[in-house]
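Could you slot chain E onto chain C? The hints should help.
For the protein sequence lines, the chains are C and E, in the order given.
According to this note's numbering, the first sequence is numbered sequentially starting from 598.
According to this note's numbering, the second sequence is numbered sequentially starting from 598.
Warning: the hint list may mix true and false statements.
The list treats identical chains as one, so a pair stands whether inside a single copy or across any two.
What the hints assert, rightly or not - Straight line, CA to CA, 25 Å or less: simulated DSS-like cross-link-like pairs of lysine-lysine:
hint, residue 1, residue 2
1, Lys720, Lys657
2, Lys657, Lys647
3, Lys629, Lys657
4, Lys720, Lys629
If you are wondering where the hints come from, they were derived from the structure by calculation, not from laboratory data.
Keep in mind the model is a prediction, meaning the values are calculated, not measured.
Below, each chain spelled out in residue letters.
2 protein chains.
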Amino acid sequence: MDTSLHPPGRPRSQRANDAILKAALELLAEQKNLADVSVEAIAARAGVGKATIYRRWSCKGELLTAAVATLRPPLPEVGNESVRDDLVELVTQICRDMDSPLDMAIRGLLLSDTHPEIIDRIKRTVFAPREEAIHAVLRRGIASGELRPGLEPAVVQRMLVGGALAGRGSEPAGSHRAYAERLVDTVLDGARTAAGA
Amino acid sequence: MDTSLHPPGRPRSQRANDAILKAALELLAEQKNLADVSVEAIAARAGVGKATIYRRWSCKGELLTAAVATLRPPLPEVGNESVRDDLVELVTQICRDMDSPLDMAIRGLLLSDTHPEIIDRIKRTVFAPREEAIHAVLRRGIASGELRPGLEPAVVQRMLVGGALAGRGSEPAGSHRAYAERLVDTVLDGARTAAGA
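Chain C on its own, in the form it takes in the complex (with noise of 0.2 Å):
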């Protein structure tokens, strides 16, 4: 049990959150498709009725976007620091929201081909901010002047995501601000030196 989401005294309503949103991960991770991950199995596996959940659930989405933003929480507020400074509190962040066991569910919903309104919902809400997050430091970055004013925001923040998401489980344990400083110094600084520009 992860003591993390069971602190002692936490009060009864608190608990049974957890072990709701807990169990819809899990079963997230192991099913293949969210036709699969129903409200009652998410039941059995928390050891609540379903009437628990549709207290604080109106339905299957809404649940299953709350479990998913536990693993994606929002991003740190920045902006008084340097854009480099800025980017790599936020790909810190990103590389260890990555590093839970749990976050197989994410993996595993991204696969599901049934019930794309649920994941559309979970992008446009979990996942979108986060982007955005990104974005913005990087227009800002542009409107100053420390960025090129060509930069594609959408595209260095692919690569950030994708460089963190393809890096993990190859870098060290522990390792993830010194993984996120090579990933921003190495799109900040450009690969080509002077001469082979």
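Relative to the frame of chain C, chain E by itself:
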């Protein structure tokens, strides 16, 4: 049916090969675990006997490796162009390879938590040579002075492949080369202006 896999006049044994590899990929895409992708199930889906499969491949791992290799064939030979043009060529092919309806098979495969030895084998024999093709171009660029001496080929390679993956589905159909150029030019030129450095 994908007619490209069954052109008229193809020898009968080649047609059986194609049907077996396609059946393996379909099952990989459908199942969550390699344990559920059995030689028996592949034979049934392909409409052949198990003996027909074992005449060609000695075990499930060898068959699945061959199937995945059809989705991730060797990258084109490059080395006569600039580092920029060589990278664009490789990343264009990577974007193209990912753009197949059967590509779901690879995402499914990497989610499996059974048969790590098969997954290792596929990474070593199918994915690693493709990564090495990009590393080789980057090392050549560092040696020639076109690229920065401190550049980490593995980090750039992950950003290019991760960026290709993260853009999948968001870019217009048939724009693989244009998207590859945006990824490559972003990492070569860097995001920073001289003033921001």
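Now for the hints, and whether the structure bears them out:
1. Lys720 to Lys657: Answer is within; shortest intra-copy Cα gap is 15 Å, inter-copy 36 Å.
2. Lys657 to Lys647: Classified as within: same-chain Cα gap 11 Å, cross-chain 42 Å, threshold 25 Å.
3. Lys629 to Lys657: both (16 Å within a copy, 21 Å between copies)
4. Lys720 to Lys629: Both. Shortest intra-copy (18 Å) and inter-copy (22 Å) distances satisfy the 25 Å Cα cut-off.
Of the numbered hints stated above, none is contradicted by the structure.
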